[in-house]
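There are 4 protein chains.
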Amino acid sequence: MRHRKIHVGIGGASGYAGGELIRLLLQHPDVQITYLSSHTYAGKSISTAFPGFAAHHLPPLEEFDVQRAAQKTDVLFLAGETGFAMQVARPLLEAGVRLIDLSADFRLRDPAVYAQWYKREHSAIDLLDEAVYGLPELVSHSQLREARLVANPGCYPTAAALALAPVLAQGWVEPESLVVDAKSGVSGAGRSKFGLDYHFAELNESMRAYGVPTHRHTPEIEQMLSDVAGRVITLTFTPHLIPITRGILCTAYARLLRPLTAQELTLHYRHFYQDKTFVVVRDAGDFPATKHVAGTNYCHLSLTVDERTQRLVVTSVIDNLVKGAAGQAVQNMNLMLGLVESRGLELPPVFP
Amino acid sequence: MRHRKIHVGIGGASGYAGGELIRLLLQHPDVQITYLSSHTYAGKSISTAFPGFAAHHLPPLEEFDVQRAAQKTDVLFLAGETGFAMQVARPLLEAGVRLIDLSADFRLRDPAVYAQWYKREHSAIDLLDEAVYGLPELVSHSQLREARLVANPGCYPTAAALALAPVLAQGWVEPESLVVDAKSGVSGAGRSKFGLDYHFAELNESMRAYGVPTHRHTPEIEQMLSDVAGRVITLTFTPHLIPITRGILCTAYARLLRPLTAQELTLHYRHFYQDKTFVVVRDAGDFPATKHVAGTNYCHLSLTVDERTQRLVVTSVIDNLVKGAAGQAVQNMNLMLGLVESRGLELPPVFP
Amino acid sequence: MRHRKIHVGIGGASGYAGGELIRLLLQHPDVQITYLSSHTYAGKSISTAFPGFAAHHLPPLEEFDVQRAAQKTDVLFLAGETGFAMQVARPLLEAGVRLIDLSADFRLRDPAVYAQWYKREHSAIDLLDEAVYGLPELVSHSQLREARLVANPGCYPTAAALALAPVLAQGWVEPESLVVDAKSGVSGAGRSKFGLDYHFAELNESMRAYGVPTHRHTPEIEQMLSDVAGRVITLTFTPHLIPITRGILCTAYARLLRPLTAQELTLHYRHFYQDKTFVVVRDAGDFPATKHVAGTNYCHLSLTVDERTQRLVVTSVIDNLVKGAAGQAVQNMNLMLGLVESRGLELPPVFP
Amino acid sequence: MRHRKIHVGIGGASGYAGGELIRLLLQHPDVQITYLSSHTYAGKSISTAFPGFAAHHLPPLEEFDVQRAAQKTDVLFLAGETGFAMQVARPLLEAGVRLIDLSADFRLRDPAVYAQWYKREHSAIDLLDEAVYGLPELVSHSQLREARLVANPGCYPTAAALALAPVLAQGWVEPESLVVDAKSGVSGAGRSKFGLDYHFAELNESMRAYGVPTHRHTPEIEQMLSDVAGRVITLTFTPHLIPITRGILCTAYARLLRPLTAQELTLHYRHFYQDKTFVVVRDAGDFPATKHVAGTNYCHLSLTVDERTQRLVVTSVIDNLVKGAAGQAVQNMNLMLGLVESRGLELPPVFP
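Residue numbers (the numbering used here), protein chains in the order written: chain A, 1 to 352; chain B, 1 to 352; chain C, 1 to 352; chain D, 1 to 352.
Just chain A, with the same shape it has in the complex:
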């Protein structure tokens, strides 16, 4: 460790991922928050955006500025809307800042795939090769340690990839049979989307599917699982909106190519994730609830086998704002800085 604390900043600090980064970084022993930007609240105190931070000392929110950000920070988290990071990444990198981008801008290696799913051209194609996809349980830590630019995974891809990677790595399931049925809390939509879709009265006591089959996380899940499987993976992904604030529950289905029991597969999953702090493989059939990981960076998993149909069913749960966003970003920061990945992150859940 250096003698002074690492200076960290957040671009887009007044959104949900931004607020969660503040919460986690305030509790991290090795960093100091030195820069916070927000377009909506520029010039105001953070407690205007988040009254709960009233008692904490934090820099004021300012309009994002590359020079200021570069001057103030060693590591910068980009928590703005998708499309923002690719505009500012190059000058920030050139100024020596290390970047962790929580948007989708640098997640997909192929700019054509980005253009197809995000309906816009990529404006920083030359950086795509350099960006490291930061799902630390499934990618090389040495790559992350050296990265200047980390693409922090989406919430659904994190939950889905952790659920299926162990069997895809072995080739034990039919790739054509993969279905990921995911359920998300509302905070996943971010803090800047208003309208009836997120109005309490319309959402509470209700649920629905959305964005099928065109949700933008689909190619990201497929890219990660293709890497793991060593072959091209295509799957059906169906997200649902559930009236809770935090939490993703991912139910993944795959037909087994060989007769494995739930106990055998659970053992395999435990072996696969044996040195991964943040993955807890529970007993077969002990299905986790999202509340078990609320506020934490953990992913809980459990699986079963429907022997009548030879189908593996895996459920994984994460807090979409932590392991699905800010927590994983801090985990990536730890690895970039050569710290143990769980540094400052082993927070127990807030339950109930």
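Heads up, some of the hints might be wrong.
No distinction is drawn between identical chains; accordingly, a pair holds when it is met within one copy or between any pair of copies.
Computed list of lysine-lysine pairs in DSBU-like fashion (alpha-carbon distance at most 30 angstroms, straight line) [unchecked claim]:
| no. | residue 1 | residue 2 |
| --- | --- | --- |
| 1 | Lys5 | Lys276 |
| 2 | Lys44 | Lys119 |
| 3 | Lys72 | Lys44 |
| 4 | Lys44 | Lys276 |
| 5 | Lys119 | Lys5 |
| 6 | Lys72 | Lys119 |
| 7 | Lys193 | Lys5 |
| 8 | Lys193 | Lys44 |
| 9 | Lys119 | Lys276 |
| 10 | Lys276 | Lys193 |
Hints were generated in silico from the structure; no laboratory data involved. The model shown is predicted, which means the values in this text are computed figures rather than measured ones.
Given chain A, put chains B, C and D in place with the hints provided.
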């Protein structure tokens, strides 16, 4: 119509399905509630169990008694726990009462399947042949009209069967590819289950899978869909508990055997359900929310096709206590009595 | 009754009160909905605004037009924002339409009070004398029967006035001691207010006071209770936002001027409301839950006396969209039409 | 600090306060959890009771035993039901353990008041004099530092006393005018109460008053405020159950004896709490939401004056499980150990 109103009663009136039957029957123009039983509240007023009925005139709750029930009612709804109906059905039928059983006792035609999934022997096997499975959109109305004993379907089977029947009837999908991922509100568990599993503090802001792959509605879904398909159907069924009170959302997956578009399939679904009052087939991709049917007997459906994987995705929503229980029971009663099936049931939703 | 059904219309049909009016009027035996307006959804089907009405036959939504409305309806419900009714009331009345205004435009008799609390001048002062405040349990039915223009009460004033009227009518409490602490569900804010204040993620699992001490329902509560008391009443009113969709719970406090027991007061309340269909006075201390009246036009009340402080505590619950808006409006319509006030309105609650 | 960490234990570790103590103590730099008891889960791992702790190293749950507890701990938190602490306190104190009791056993100084409100005789009357009531913002820190036995306040009394103490200390309000209208989340009822009262389907989308005017926290609020005021205070306290898991919102009413503005009173409150880390006095009228303090030990306050009625309205919010239970207990522990009171407790809120 006869000159006097039909006398109807409810065995197990203090549970959620019982309360919902009261709500619906109070609004039905052709019936009068003449008998209500409850073990828990025997001897008390219905407003002890449901304070909201304080202003309505209803018979007092009494301990269930076959003689009394037979004497007081023309049609009796059995809304008690599974296992009760098969004990009392025979004497009630012999006394001339027509029965609509909301439990699982008479849903499965094969007593061996009942014994396997419900972990007890069936005690009224001779009545199984006679019982008519009352999913009126998929079974013959003339059978229902003549039935003495109707087995009212489970909530999940209703939503799942309505979602998949139109394609299974045509043989357009791979039977091995069927997955039903269902999400249910808490009232589906009934009013007599306590404990941490249904405690507000544990459930709210949380969700989880349960009962996989052994949920008892599995063989019921398969039986109904096998009838529709004309061949044995086996599928994977995964229920989830969601923190809402009412509502089931069923997401059904099937691989297409021929290249059909979402528009073509939507047309087919509309044709299939063209004279069915309670099924609304929405435009492809206009996925319904459970709140759109809250308090009603309607099922809303929408589908899409994931062309990358040739997979059909159908979502159906019902109110588990209405189309999934009490409303469907009243629909069956109407058919048994020779009334139009929607009589007294075209209630608009309570929204929001 | 006339030979044809009464033709009724709704100005502002796509909001929550508008949707609830549709639900109730669809179930009313003597009326037919012949006109629906909506600025947001003009030209579209009602199922665009409310997918749950997909199966019901209703006129299309159109831009509000005085001529059209007058031509199509006998009775028109004005369910738009406050400020709209006072612009259109005169020509509509002149065209012979009877009006029930659900906004605040005609509730306050004194235009100076309106201007002070609503921060705008009243533009139809000459109609204020004619408007009848439609809280049928506390105002003269003969006045309502003859009214051309009924001002439908606010949700909080309905709950608060019903809670306190019986003791204020007797002069049994200190007027200076009155406190009304009210808790409301989110639908009370209407369907057109977006922003973080009504965003699910911010509201769920949270509660707060708002608008203290300047909430616009304050002078309306005071006007009604002053009428009942026969003297000027001033009180403290504190509304709170609670994460439920429907329901108001009003807790009213008053110091007793004479030593009365909870039982004596309960008897008095029952006597006071003895012929009022929609008020249920429960036993002392049997405090009602909002869910007991969800979807209904009932108000449940219970009271207790804190003998240590000689303070009466009354809690009243209503569904803010029914007895607090659309239901009360239909009750007023019934009275205007010479029907029994409960006609079409004795719907049992949707519970749970 | 001593060289080794302080050994702390929890009697009743599987309830909500117990779980919250574990969460907070795991994050405290100076303590180690060495003892956990639970009657329900004796012999099992903590992750049986709280699956979210699966990744944390904690002692197994055991049946409570005075000898074991005394041998294993320096400080013991008693988080069992009221009635348990008074049975075990004496031998534990004699064995040298310092106690923080989260139940009500040692909160009321007068055993007759305890007997009257808790309907049982106190069995450790001789310890009542020694027990220090641990509301650190309102009691002497030197007393807490020397205490062997701290009575940790109830959740409602904490929120209510913090809201009213600053004006009662000055004698600025009419004591007869005090009303405390409190709203609580469901976790306040604890984890061992089942039944319909806490069933999700009955509670969600509902709210009601309860326990009026006999709630056991009444004399506790009065005792604390009488100490602050220097005279006997009697007030009306009305608790309400709200469908959220965590959070208390207290709305306190008092008539002013002199004409003070909201700004003057806000300044006074800020002065009164100027060195209190955990009290945040917000601007007049900036009413806090419970979510602003979720998961934290903070109390946020705001006030206004209704000048028409000369009534002060204060709203205070706390997390009932943190500042209302486990967090305040850790704050008391810090003071007992001579640490700064906020040690390990300055956690930012989990928002949204």
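A quick look at each hint next to the structure:
1. In the homo-oligomer, the alpha carbons of Lys5 and Lys276 lie at most 30 angstroms apart both inside one protomer (26 angstroms) and across protomers (28 angstroms), since each shortest distance falls under that limit.
2. Proximity of Lys44 to Lys119 under the C-alpha cut-off of 30 angstroms is restricted to the inter-copy arrangement: shortest distance 29 angstroms between copies versus 34 angstroms within a copy.
3. Taking the shortest alpha-carbon separations for Lys72 and Lys44, only the intra-copy value of 18 angstroms comes in at or below 30 angstroms, while the best inter-copy value is 50 angstroms.
4. When the C-alpha separation of Lys44 and Lys276 is checked against a cutoff of 30 angstroms, the pair qualifies only between copies, where the shortest distance is 25 angstroms, while the shortest distance within a copy is 40 angstroms.
5. Taking the closest pair of Cα atoms, Lys119 and Lys5 never come within 30 angstroms of each other, the shortest separation being 40 angstroms inside a single copy and 53 angstroms across copies.
6. Proximity of Lys72 and Lys119 under a CA criterion of 30 angstroms is satisfied in neither setting, with 34 angstroms inside one chain copy and 47 angstroms between copies.
7. For the homomeric pair Lys193 and Lys5, neither the shortest alpha-carbon distance inside one copy (35 angstroms) nor that between copies (44 angstroms) is at most 30 angstroms.
8. Proximity of Lys193 and Lys44 under a CA criterion of 30 angstroms is satisfied in both settings, with 21 angstroms inside one chain copy and 24 angstroms between copies.
9. Taking CA atoms no more than 30 angstroms apart as the test, Lys119 paired with Lys276 passes in neither setting, with 36 angstroms inside one copy and 40 angstroms between copies.
10. For the homomeric pair Lys276 and Lys193, neither the shortest alpha-carbon distance inside one copy (35 angstroms) nor that between copies (37 angstroms) is at most 30 angstroms.
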